[in-house]
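Read off the chains here:
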Amino acid sequence: TPKQGSTSSESAGGAGAVQETETAAFNPDEEDGIEIGELRSALGAVPKLEGSVKLGAVAKAFENEYWRTLKEGYGVFQDKLQANGYDVTIDVSSAQGEGDEQGQLSIVKDMINKKYNGLLLSPISDGNLVPGVDDAKKAGIPVVNVNDGLIANSDVFVGPKAIQNGELAAEWISEKLGGTGQVAIVIGMPKAFAARQRTAGFEQYMAANATGIEIVAKQNADWDRSKAKDLADTWIKQYPDLKAIFCNNDTMALGVVEAVKSSGKDILVVGVDGIGEAYDSIRRGELDATIDSFPLYKSQIAGEVTLRLMGGQEIPRVIWTPQALIDATNVEKPAEEIIGWEEPVFEN
Amino acid sequence: MDGVDFEIRKGEVHALLGENGAGKSTLLNILHGIYSQYEGEVTIENSKINFKNANEAIEFGIAKVHQEVNLVTELTVGQNIALGYEPKKGLLVDYRGMYQKTDAILKRLGCRFKSSDRIGTLSTGEMQMIQIAKALFHNAKVISFDEPTSALTDKEVNRLLEIITELKSNGITVLYITHRLDEVFKIADRASILRDGKYICTLDVQGITKEVLINNMVGRDVAAFAVRHKPLCATKEVALEAVGLESQGVFKNISFKVHRGEILSFAGLVGAKRTDVMRAIFGADPMSGGQVKIHGKDVAIRTPKQALAHGLALIPENRKTQGFVKNFTNAQNMALASMDRFAKGIFVHEGKIKENCDYYIKQMDLHPDDPDYQTNSLSGGNAQKVIIAKWLTTNQDIIIFDEPTKGIDVGAKAEIYRLMEDMVANGKAIIMVSSELPEVIGMSDRVIVMCEGRMVGELGRDELSEESIMHFAMEG
Amino acid sequence: MKSIWKKFSRELGIIVALVILIAVFGILEPLYLTPTNLMDIVDQSVINGLLAVGITMVIITGGIDLTVGSTMAVVIVCIGNLLVGGLNPVAAILLGVLLGFVLGGLNGFLIAKMHLQPFIATLGMMSVYRGIAYLVTGGWPVLSIPQNFRTAMDGDVAGVFPSSVVILLLATSVGYVILKHTKFGTYLYAMGNNEEATRLSGVNVDFNKIIAYALCGVSTALAGMVLLAKLGTGEPTAGQGYELNAIAAAAVGGTSLAGGKGSMLGTFFGAILLQALKVGLVVLGVDTFWQYIATGVIIIVAVYLDIVQEKIKSWKFERKFAR
Amino acid sequence: MKSIWKKFSRELGIIVALVILIAVFGILEPLYLTPTNLMDIVDQSVINGLLAVGITMVIITGGIDLTVGSTMAVVIVCIGNLLVGGLNPVAAILLGVLLGFVLGGLNGFLIAKMHLQPFIATLGMMSVYRGIAYLVTGGWPVLSIPQNFRTAMDGDVAGVFPSSVVILLLATSVGYVILKHTKFGTYLYAMGNNEEATRLSGVNVDFNKIIAYALCGVSTALAGMVLLAKLGTGEPTAGQGYELNAIAAAAVGGTSLAGGKGSMLGTFFGAILLQALKVGLVVLGVDTFWQYIATGVIIIVAVYLDIVQEKIKSWKFERKFAR
Ligand SMILES: Nc1ncnc2c1ncn2[C@@H]1O[C@H](COP(=O)(O)OP(=O)(O)OP(=O)(O)O)[C@@H](O)[C@H]1O
Ligand SMILES: Nc1ncnc2c1ncn2[C@@H]1O[C@H](COP(=O)(O)OP(=O)(O)OP(=O)(O)O)[C@@H](O)[C@H]1O
Ligand SMILES: [Mg+2]
Ligand SMILES: [Mg+2]
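Line order of the protein sequences matches chains A, B, C and D. Here this note's numbering is used: the first residue of the first sequence is 149, the next is one more, and so on. Here this note's numbering is used: the first residue of the second sequence is 35, the next is one more, and so on. Here this note's numbering is used: the first residue of the third sequence is 2, the next is one more, and so on. Here this note's numbering is used: the first residue of the fourth sequence is 2, the next is one more, and so on.
Worth flagging that the hints you see were computed from the coordinates, not collected in a lab. There may be inaccurate statements among the hints.
[As the list claims (entries may be wrong)] In silico lysine to aspartate or glutamate, DMTMM-like type, Cα no more than 25 Å apart, as pairs:
#	chain 1	residue 1	chain 2	residue 2
1	B	K86	D	E197
2	A	K375	C	D41
3	B	K189	B	D223
4	D	K312	B	D151
5	A	K385	C	D41
6	A	K285	D	D157
7	A	K219	D	D288
8	C	K181	B	D374
9	C	K181	B	E384
10	A	K413	C	E30
11	A	K375	A	E434
12	A	K263	D	D157
13	B	K82	B	D39
14	B	K189	B	E497
15	A	K409	C	D157
16	B	K339	B	D431
17	A	K366	A	D177
18	B	K175	D	E197
19	B	K175	B	E120
20	C	K312	B	E73
21	B	K264	B	D479
22	B	K388	C	E197
23	D	K114	B	E93
24	D	K262	B	D319
25	C	K184	C	D207
26	B	K378	C	D207
27	C	K262	D	E196
28	A	K375	C	D157
29	A	K262	A	D282
30	A	K375	C	E30
31	B	K175	B	E196
32	B	K82	B	E46
33	B	K232	B	D216
Remember, it's a predicted structure, so these values are computed and weren't measured experimentally.
Here chain A stands alone, though its shape is the one from the complex (with noise of 0.2 Å):
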């Protein structure tokens, strides 16, 4: 069975790491997660808990459709609980706006007031929802931490692994650029852990794997449509021979979309998230690629989790979850198909 908790030395980034990992109270890219097919071949059937049980889920905003989907894969997966005769609900909320930190925490204090037996946690940054984990813990509710803020105090991380979401755009942008020319990165905003991993990701796979690439420009647009276009338009006519764009999430990307349409130029604009009209947009040829992480799968794999760990089972510190990188070759395969998706075994 994999270990609990942290041992840092054979981490991925090396010295450096290694003492980020001192200071730093969690960091699940250093951590040996495992994935859930593993987990499950270990572990057996999800266990069938006693009475009724009423999971709390709570994701960032429901203004960002990717949090709008996590929350259908939650419906998703107490459908099939329910079909399978467990008795289990799930409730989804989310605070208002990114940056509505008190509120968030709010929510989660209102679900331990309601005693809810789980709950599945997206906080907005790292610490607001420390308070509230605590109450739990002392409550003796379990908290599973589903991807991308990070809660130290935990029990469980379920997500991928965010630094891979910017190598896989790099190795994806090296590869089709034949590892040489000018590429850019749009950053959101310096906020969560992911927006900052998916740069740091991004930024060492080429510097190690890609000496030709050059990277020339980097600004943040605060996660605004408009104002990545705006980047774009003026990198474009300051670097002619910029060849990609790397941005933080979709919807910047596909404002960068707007601005290398109207400059006519062939630049590859590569997004992240994965949202329906990137997909569409993919599938027009405009956008080239984005990260899909498959937030509709990561809640149920989330919520599974958390039942084997109220089920008592051993689970460790951090579940990954799938993650692909998407474009015109696969944009028409189901997704199940390309992240191997099966599902899970229930109880009878």
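For this one, chain A is given, so just place chains B, C and D with the ligands on it according to the hints.
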């Protein structure tokens, strides 16, 4: 201002006289540290001073009563009087001590309101008394008054003059600006006269006449008194009639008629609610009962816009807050109430606005005579002229003047009286609210006296005298 | 010539600041001065410029409008939906303008008739309108805006000039004429300066205030539709935080937040200056974190320049006392 | 008894609104009335309440402070770093207060001495301070804040009461005394109501203004440190948009954004009301998008209630000055 050079003796009452815009207020502002950049010297008891701000002047022992009422409406009367110099107990303000002290001053001034009242409940005249109380609060060696009586009625004026005499006997030096020359003779020892920013002369008040003063101020002869030059021209035709006007808790049972060609005055003490009645008629404040008729027809006026549509004009009593727009030029201010006349469709015709302004600049002898000058930087009296011009521009049938000559110099007053006479001669009706009895007596066809929100008497032209008016005014 | 000079002396401060800024960036990075880059700056100023046109009017009355970002979002999703549903672009634009007028007018109503303070009334409505924008689409963006609408609002005019720039220039001109040459404009300044005196002058202050907010809604709606055309997608999250940028543009252009003072041209140049600054920082590759600092400092310096210039202008008045 | 009644009649509107709100939520969902939930509401009001204490003072002077969110962030990362570096918690708290005083004082300086308008000066500084917060940590959060500091700022007092609530109560009381019983407090009201009259009365307006902003910085610093303790992590992104919440709390509590009017108790209840509303909507499970609408509407209604109550109290007075 240029080459002003004179002395004030310790313990005297020294009047500063001059036309509107002569530089009187500016001179005081220099003395009190409100303008700190000037050439020349001010010395007090042989030490040269140059105050950088009001605080330094007050600390030095010289205090000032400002021309415009300038109070903090959110604070109580007492807090306003003590503002900046509150007595302290430890770190906190000693409110009890403060209110005792300020109440004593109010009593000395003969005020009816208390220190704990809010400014908002007071009339303009009462606010003026607070400004005076403020100066007394500082126990200053030198106190200057910039037109302290322009909003006061006789009773308060007399009380103030007594107090100034009392101050003088306590060795306090008083500088006194006024356009009411009678007051000069009552209290002043000497008077200095300014004209166009230049010093003219200093006179011993004893043994000279009003005419001498006026001559020095204006440089020519003017009729200094409010008298009707043209024959009376009141008709029988009612222009405006009020029937049983009432505003809960403010005034009630106000009924009167004003005829075309007539000047009807409202007299009364400060706080008689004359202003409230006029504002209510004009639609500026709500009324709770009664009916206004114009040219015999019932009208319902709820906003000033409707009042204008019915041919009414109101020249308000407080020029700063109700009269002019600060950033506007003279031309713009004069046009504001008559924009329809200066516009083609929705577009404004700048040329016509200037033309209109030029006309009134000449009519009213405005200084400086520039239509593009900001009204805000005019002297008090000149700003008043701009406001009167603004309402004359509307060319209405029924004009309400609330304290029309407040702060206006003798020469300009004569002009305004002449304008009023012209208006009634042209068949207009005038309602005048005034606290200056000579003006009321000299100009009116008829006078209604108010007291505490009620009409207490009506006097015909031949019954008018200071005694008869005061008799009614004091009744309540 | 001299009279033109005098006429625009109000805008002198901001024009000088803009020229200095462009010169400095041009020296540091000659690429900055290429026509395409300069054209880009103007093009990218359109949204903020349009918002600032309306906000300038409102600020002159002594008010403020924090809803512009949210109002934009409502217009974007509503008109976006109608367009996708097949509505004719011209009808959609007219409807959008009307919608802006109504939303803005509602703000004006709360302020003029219910006597709410502008800041707090529009702070509340900012939240309400945002909620409405989300509800209209359930949070999802409106996709695939028809090309004919996009061309109308953001296509090329005569092959060089984006039509969005034309829209901004038109809106600024109309705003200029309204402020300088109409009764309504005169009343806006008068109200912002001394509301009581204006009311006593027989002006229907409440009505004019409501219209001012409604017109702000109209220019906001135009901004929203240009954005919709530029991006081809209508997002209910659009415009967050744009209100502060628009207010900054007006303030940098010399409009006083105390009311009664301001000019449309100043605002226009203010919007351009802010965008020129942003593009300049991008072109120089200034670190994101330093950009925050630079932006703040430049806003403060630009506004301060305006204050200093006003002081110099009224030096003569001061001199009077000095003698 | 009657005099107490009269003394707090100013705060009556907001207290009534709060009681109604709690009653309505309590009826709809009895769980809302559990002591833990009510205590949570108070606890979660602390940050906004502290910010609002300072902002109330500034608003009373006729100003505004948009920097509070950014100032908080600077304090959080600086003090966080020092704490992690091993600084004694008491020294850290004192340094934090000092830092807040300096940052706030700088705003005050720009406004009082350089005559920038408060809105635009603090809009600029908001950006500058945010940039500084990012630069201090390079954008990364400060992790693992020592437990002793966390206990001091957010530990349990007597086993029930979080010390953060005690800090809020203390700050509110100090603010109350300052406003009601000191010369400085009187000057704040006087300045906000009529700056010129105050200056002519010999009050050093500039100095008092600077101190008001500096004190706002102090209460902001306290808010920042409480947040640091609550979260155990210091993020340079902290506090974004908090300024509007704090202003809303003050306004809902009856503080006039035009200056000269306001009360500390009103602000306190205003902050509680906003949090009670938020928690209530969560407890009822109101849809996120509807929450935006409900929040906006309640802010407007609460402020309107205050206006109505004021009107009833002294309609004659209003007539003359408020129009
Ligand atoms: N703030 C100002 N800015 C520019 N000029 C001013 C300002 N205040 C006054 N002036 C000018 O200074 C001159 C003197 O004005 P001052 O107020 O001293 O006159 P005054 O003698 O007090 O007149 P009044 O009797 O009308 O009050 C006037 O010409 C006036 O236009
Ligand atoms: N008791 C009061 N409550 C509220 N406001 C008052 C009260 N008394 C007076 N005022 C206000 O003061 C202003 C002037 O008052 P009022 O009409 O009593 O005086 P007046 O007779 O015109 O005398 P004055 O010569 O002092 O102006 C009015 O605008 C009125 O609204
Ligand atoms: Mg004067
Ligand atoms: Mg009066």
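Cross-check of the supplied hints:
1. B:K86 <-> D:E197: Status holds; Cα separation ~15 Å.
2. A:K375 <-> C:D41: holds, 13 Å
3. B:K189 <-> B:D223: Distance of about 22 Å is within 25 Å: holds.
4. D:K312 <-> B:D151: Roughly 18 Å between the alpha carbons, so the hint for K312 of chain D and D151 of chain B holds.
5. A:K385 <-> C:D41: holds, 10 Å
6. A:K285 <-> D:D157: Given that 25 Å is the threshold and the Cα spacing comes to 17 Å, the pair holds.
7. A:K219 <-> D:D288: Between K219 of chain A and D288 of chain D the Cα gap is close to 13 Å, so the pair holds against 25 Å.
8. C:K181 <-> B:D374: holds, 16 Å
9. C:K181 <-> B:E384: Holds, at roughly 10 Å.
10. A:K413 <-> C:E30: holds, 23 Å
11. A:K375 <-> A:E434: Measuring from Cα to Cα gives roughly 19 Å; hence the hint holds.
12. A:K263 <-> D:D157: With Cα atoms ~23 Å apart, K263 of chain A and D157 of chain D stay inside 25 Å; holds.
13. B:K82 <-> B:D39: Judged against 25 Å, a Cα distance of about 14 Å means the pair holds.
14. B:K189 <-> B:E497: holds, 20 Å
15. A:K409 <-> C:D157: The hint holds at about 14 Å.
16. B:K339 <-> B:D431: Between K339 of chain B and D431 of chain B the Cα gap is close to 15 Å, so the pair holds against 25 Å.
17. A:K366 <-> A:D177: holds, 23 Å
18. B:K175 <-> D:E197: holds, 24 Å
19. B:K175 <-> B:E120: With a Cα-Cα distance of about 19 Å, the restraint between K175 of chain B and E120 of chain B holds, given a limit of 25 Å.
20. C:K312 <-> B:E73: Satisfied, since the Cα-Cα distance of roughly 20 Å is no more than 25 Å.
21. B:K264 <-> B:D479: With Cα atoms ~12 Å apart, K264 of chain B and D479 of chain B stay inside 25 Å; holds.
22. B:K388 <-> C:E197: Judged against 25 Å, a Cα distance of about 24 Å means the pair holds.
23. D:K114 <-> B:E93: Distance of about 23 Å is within 25 Å: holds.
24. D:K262 <-> B:D319: holds, 23 Å
25. C:K184 <-> C:D207: holds, 15 Å
26. B:K378 <-> C:D207: Distance ~23 Å between K378 of chain B and D207 of chain C Cα, so the pair holds.
27. C:K262 <-> D:E196: holds, 19 Å
28. A:K375 <-> C:D157: holds, 21 Å
29. A:K262 <-> A:D282: holds, 16 Å
30. A:K375 <-> C:E30: holds, 22 Å
31. B:K175 <-> B:E196: holds, 18 Å
32. B:K82 <-> B:E46: The given pair, whose Cα atoms are some 20 Å apart, holds under the 25 Å limit.
33. B:K232 <-> B:D216: Given pair K232 of chain B, D216 of chain B holds - Cα atoms ~24 Å apart, limit 25 Å.
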